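Chains as they are written, first to last, in numbering that gives the first Met the number 0: chain A, 0 to 408; chain B, 0 to 408.
One should not assume that every hint holds.
Which copy? The list can't say, so a pair holds if one copy fits it or any two copies do.
[Said to hold, decoys possible] Only pairs whose alpha carbons sit at most 27 Å apart, straight line, appear in this in silico DSS-like list of lysine-lysine:
(1) 167 <-> 250
(2) 23 <-> 264
(3) 123 <-> 404
(4) 23 <-> 61
(5) 404 <-> 167
(6) 264 <-> 59
If you are wondering where the hints come from, they were derived from the structure by calculation, not from laboratory data.
Computed from a prediction, not measured in an experiment: that's the story for all the values here.
2 protein chains.
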Amino acid sequence: MDTDPPLQLRVFDLNCWAIRYLSKVRQERIGMIGDTLSQEGFDLALLQEVWSERDYCELKQKLTACYPYSHYFKSGVIGSGFCVFSRYPILDTFLYQYSLNGYPYMLQHGDWFCGKAVGLLIIKICGIIFHVYVTHLLAEYCRDKDAYLPHRVVQAWELAQFIQHTSKGADVVLLGGDLNMHPGDMGIRLLRGWTGLRDSFADADRFEGCEDGYTLVPANCFTVNKELQPFPLGIRIDYILYKGLSRFVVKCDSLVTTTGTAPGKSIPYSDHEAVIATLSVRRGEEAKGSSGSNVGPELVDVVNEAQTEVRARLHAAECQRDSNGRMASLALLLLLLQAAMGLSSLAGWDTPQPFPKFSSSLLSLLATVVLLLSMGLYIFHTIEVRMLQGTEEQMRLALQALQDKLSSM
Amino acid sequence: MDTDPPLQLRVFDLNCWAIRYLSKVRQERIGMIGDTLSQEGFDLALLQEVWSERDYCELKQKLTACYPYSHYFKSGVIGSGFCVFSRYPILDTFLYQYSLNGYPYMLQHGDWFCGKAVGLLIIKICGIIFHVYVTHLLAEYCRDKDAYLPHRVVQAWELAQFIQHTSKGADVVLLGGDLNMHPGDMGIRLLRGWTGLRDSFADADRFEGCEDGYTLVPANCFTVNKELQPFPLGIRIDYILYKGLSRFVVKCDSLVTTTGTAPGKSIPYSDHEAVIATLSVRRGEEAKGSSGSNVGPELVDVVNEAQTEVRARLHAAECQRDSNGRMASLALLLLLLQAAMGLSSLAGWDTPQPFPKFSSSLLSLLATVVLLLSMGLYIFHTIEVRMLQGTEEQMRLALQALQDKLSSM
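Construct the entire structure; sequences and hints are all you get.
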């Protein structure tokens, strides 16, 4: 195949923002996405935030002729939101749910209730084995005081580990999705450093679209401009990353993003811009430097940085766990005291009631609610602490292995 | 290395039954396990049900000289219970939590509250890359009416998929653990058929221990004989499975189980028997037949069988989800009705109270409890349905790929 023309592959990636009853003009946009995928005939379309299975079925029905193979990843209460349409047979799929995904009490964001995960699809194209990963990491609601940063770092680490552990049999690795991280963020550096994945925007021979490849831009009428305040021109958080393995070399010929409105339409596909990469894959020399992780002092630094972030959150989570434990104990004590008082008055012992009956009932109700809530949070933070400890231990092992490798180089 | 003597490896596997405050003579037994591991100097010890991290730390302290490398897998509220002691460096670890693990309302069993998972360790021994998996699947409480069978089948399938997806870079794959399945059970056939793993008991050149390799035996003083009633001689549910990949051939030279009491002691190590395998690994010809899954009509049959089991549970789980949804709606309706009645009496409208105040309060409390419980169960069964649908879809894909392979053979 050395003299064969390279395999060209067009990959479409979009966070579709399709939440039933909440996302604006959802049905019209899903229709538009289906029409475009059908007309353009990409090789692969990686979609996120298709939360409703009905929307997926509508897309599937429309796209059967052009994309005979598709998969919808099921997870959590609401689902993963991922679906993939492919012109080539999907041989196998696998899903990995991230161990941490925000806090149950942050109801205004609701991330904890979604089954955030990474989906793997194994697809064979012209004899080449592609491992295609699709994911969506925890959102960033406030960059200055980002309460979700440690969880997002853990997700980036688990994503990197999952890709490294499951891609050994691949010829080409592709990752598409909304990573909710800027290109220079710690999580992206960790992911790219650990896996050796290349950024299609940085490597593209030709680029067309929003300035600096931004995928959240003020020109998009669905974007809440307040959220973009520190970055008035936009931010880049949606990616197509890739690498060649086992003597396959992958190159990004061109990268295109939509620019606020969908081509030839009056509204955008979503509140995110779509990313379309044209990749060429050819069999070449052993793909040096791109096949594994980029072992070097920078990688050691970023793993160290991530470990520090995880450690700081671990300390805070331990404090939260303990304070919830104390709160639950106090509420239980109060309930027991009230029960004892109730029993003593039932038994006819002449103890004067310190509170009127109504206040006493209210106090019991309050104590029960506090007990249940603080017990729930105690359990949540116990799990969080365990997961952070596990991640920190994994990172320690990784650092040791990296340092051994570096010293033997 | 073709002419080199084969690498000999002694692997110890035990479900330690070390639940604080519940397991009998736990501390003494943990001490015994530590002493034996230290005296015998195995190459690898795979332990399950070490639920307390303090017990792990005690073992670690005792074993540092003999096993300089160890790992404790953290997950869930209580933990995974897995730990591994190794004479050789552990390069990396990874944990996958099973998506289904029993029912929250089966409080008497409590499986749902443990973070059942499979742990992967990458260990390099004399230049050979070992992928070592340790796991513990959902227990079987009643063989005739096994409510957990579908979840155990899903776990066996996820275990098989996890091993297949993460072992491509391995030279040798080892799996040790309490699989809670008899050798001929569907889950074991699925796991072995899909991964090509070999059973050290069936393949051992020499065997010594309990009849038929049983690991739950009536001679063990901790065994509840009632649980063994249909199998008075014992059952085999703890396994060491293996396969060689990439031109490595693995053979089981000998398999030993303990026989009720620990050698030279008056009590057993645990309520399970320990399994000790001596494996020899040598570089050979491409290990035909043992490197991948055993593609054949039997594998198609067992995947079909598993799919049928999953489909049956899917139907039942859908019914349970719907009935819990209806119950939650009814409770909500009752609460709204009572609230309306309360409001109307507050507003002074002259509606006669159908119930005395105390009964009305009790009814509200009952309705609230029913609403919360049925909402919780609705969410649980919704997740269960999604996971079963996902597994069924994966099995459908797998069957298609198998049939394609079979027809091209």
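>> Cα distance capped at 27 Å. Does residue 167 pair with residue 250 within a copy, between copies, both, or neither?
In response: Both. Shortest intra-copy (20 Å) and inter-copy (25 Å) distances satisfy the 27 Å Cα cut-off.
> What label fits residue 23 with residue 61 when the C-alpha limit is 27 Å: within, between, both, or neither?
Replying inline: within (21 Å within a copy, 62 Å between copies)
> At most 27 Å between C-alpha atoms: does residue 264 with residue 59 qualify within a copy, between copies, both, or neither?
Replying inline: This pair counts as within: shortest intra-copy Cα distance 22 Å, inter-copy 65 Å.
> From the Cα coordinates, with 27 Å as the cut-off, is the pair residue 23 and residue 264 best called within, between, both, or neither?
Replying inline: within (16 Å within a copy, 72 Å between copies)
> Is it within, between, both or neither when you check residue 404 against residue 167 at 27 Å Cα-Cα?
Replying inline: Classified as both; 19 Å inside a copy, 21 Å across copies.
> Between copies, within a copy, both or neither: which fits residue 123 and residue 404 at Cα up to 27 Å?
Replying inline: So residue 123 and residue 404 pass the 27 Å test across copies only (14 Å; inside, 33 Å).
Checked against the numbered hints above, the structure breaks none of them.
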